[in-house]
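2 protein chains.
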Amino acid sequence: MVQDSTVMNPNEFISEARNKINLELSRYFERKVSEINDSSIKKLIGQIADYTVQGGKRIRPILVVCGHNLFSEPNPEVYKASISIELTQSFFLIHDDIMDQSDLRRGKPSLHKVLEKDFAGMREARRMGENIAIVAGDIAMTYAYEALAETNFSDKIKNKAMKELISITKITGYGEGIDMLTTTGMKLKMNDLIRLHLWKTAKYTLEGPLLLGATLAGYEGSTAAISAYGCLTGLAFQLHDDIIGLFGKEEEIGKPVKSDVNEGKQTLLMIKAMEYSGKDESQFIEGILKRGNVSDAEFEKIKKIVEKSGSYDYSKKLIDQFISSGKKYLNTINGDRGTKEFLLWLSDYLVTRKN
Amino acid sequence: MVQDSTVMNPNEFISEARNKINLELSRYFERKVSEINDSSIKKLIGQIADYTVQGGKRIRPILVVCGHNLFSEPNPEVYKASISIELTQSFFLIHDDIMDQSDLRRGKPSLHKVLEKDFAGMREARRMGENIAIVAGDIAMTYAYEALAETNFSDKIKNKAMKELISITKITGYGEGIDMLTTTGMKLKMNDLIRLHLWKTAKYTLEGPLLLGATLAGYEGSTAAISAYGCLTGLAFQLHDDIIGLFGKEEEIGKPVKSDVNEGKQTLLMIKAMEYSGKDESQFIEGILKRGNVSDAEFEKIKKIVEKSGSYDYSKKLIDQFISSGKKYLNTINGDRGTKEFLLWLSDYLVTRKN
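Keeping their order, the protein sequence lines are chains A and B.
Position one of the first sequence corresponds to residue 1 (our numbering), numbered consecutively onward.
Position one of the second sequence corresponds to residue 1 (our numbering), numbered consecutively onward.
Check each hint, because a few of them may be wrong.
Note that identical chains are pooled: a pair holds if it fits in a single copy or bridges any two copies.
Only pairs whose alpha carbons sit at most 25 angstroms apart, straight line, appear in this in silico PhoX-like list of lysine-lysine [said to hold, decoys possible]:
| no. | residue 1 | residue 2 |
| --- | --- | --- |
| 1 | 187 | 42 |
| 2 | 290 | 117 |
| 3 | 117 | 187 |
| 4 | 163 | 43 |
| 5 | 265 | 117 |
Worth flagging that the hints you see were computed from the coordinates, not collected in a lab.
Everything numeric in this text was worked out from a predicted model, so none of it was measured.
Work out the full structure: start from the sequences and follow the hints.
In structure tokens form, the structure reads like this:
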């Protein structure tokens, strides 16, 4: 056990950690640019860097740091390792935006849109943008592994950390696969939805980063409580994400508010709204999800049905249950008190955030 | 130095090694399927497995084995590690086929085409097939890392091997990026073309697998001669590939003979044919490469120009030079004689093969 750290102001800790993470990201990308002697690839690396550095709350690498600090004294090398999760996130988002045909990410053009501009006026400019974005995503994934491989942890710890990163990209890949298959008509049951969220979101957002951090600390005890905290909080994170995706403001969430509906996303809000409503309203939602291209009036009507049917309250209640249950698991972990305090605060932050 | 192995019949060695590699691939995919409790993902893993197992000469994993056997006694665990290169190859090819919009691979439907069938009759079936193929490629890349991470080499060796695999996927990614950028009008010079081939082909086909194998053997000497052999032979391999891509038979190469021309690929054959021909013929080729959709008569005319201009002979001569220069480097390596004999044989095989 490490000596308990003093409880730090959470916002101060976040802001300090974020600065360190951003610095490591910039350094990493600078190294990549200087490593290679080709102007078009230098430019592409710059575009991946801009995409990664812009926006982003750095919650995931911060969780790597927390997973570490639970079980060991702070170590600057952890920040170097933590950016592997942010690079993994870039890889996921770049490919995700292509698959969803989303042209906005964090309020700015998604990467395939940025890349498309270089081919303006050419035949198949969009296709070219998407093609290069597929490669850019692949490169970002390689960078994620490389950032971890280049740290100076022991070979034993590094191999274990690699396996954790492999597990993260594998499970998230499976989640992506299921997600793709379900936007095409397959109707999701509650159990399937929970598993989808566990695989596609909770793993790489909460559980994986915490386990990766614990591994870097050399922690070899039971990971059950960390996993449970990560899974439950990750589920709550996703359900809250669906709420701000439907009820949030475009300028806050950085993407068109209608995009979830237009993509036909079967969120818990939609599933329960259909389950709790009469036949007409239920079929109305189902029709819109299948059709996409929702009008303003239809969008408002969906929101009303979600509220009136009790679906909104159902999600809210489930979020509360997941968060409080997650906190119980967190409290059983024999780790640094200051870090645990921060994570308790973070649990609440993750389900009250506006973007 | 290891005791020199007796010289084995190359075809026997290839066929024996291929069986072992195929067995390890099957076992790996069986484990993946049994690991996961979701029918749609089980099916997707099966589709990735079929894609990986079908066709494929297994030259790359065999080179991992050779890289190892140069410096150490044969070790069955090397076959387990070697499949990481075959999985990497699947990852590249799956994404490559999407980017090139190639519907055939090794004479069979490419993965996005296979996946598209599951959405037959649906709106955007092709898009769906491509989307799931993007994810399938991502999963294959993760599998490549996992297959290596799961071997029982020492932590030190495994970390070094991981770095080699990272280098392979990174450099090949850069090569893919350049390749994408050059199919869109940028005119390639000879130097650029050589670098493209080194990055996009030689690295993951020859140099990387050999270095990965040497790493697994615990080899810590100079890698300069191995790299030189790998780079030169890899370049020759690519130039020969371009020749069979233009002059080969469709039933032998497993893809439409016109596809390189239709994709506007700036092969050395095309570049030199344009350089060595008069203005009319040069502009004719340039026009076809820009336009695509080449007719039978135009295709025959291109082949004639390539031969008549001396471009074909130029490529052939360069291939010979690269192969013989590569062999010289190979002979300087202080490694197992039987393995070196096999690699000398393989050099010739790679540039005389018909597919």
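Evaluation of the provided hints:
no., hint, result
1, 187 to 42, "between (44 angstroms within a copy, 18 angstroms between copies)"
2, 290 to 117, "between (31 angstroms within a copy, 20 angstroms between copies)"
3, 117 to 187, "between (37 angstroms within a copy, 19 angstroms between copies)"
4, 163 to 43, "between (31 angstroms within a copy, 24 angstroms between copies)"
5, 265 to 117, "between (29 angstroms within a copy, 22 angstroms between copies)"
Checked against the numbered hints above, the structure breaks none of them.
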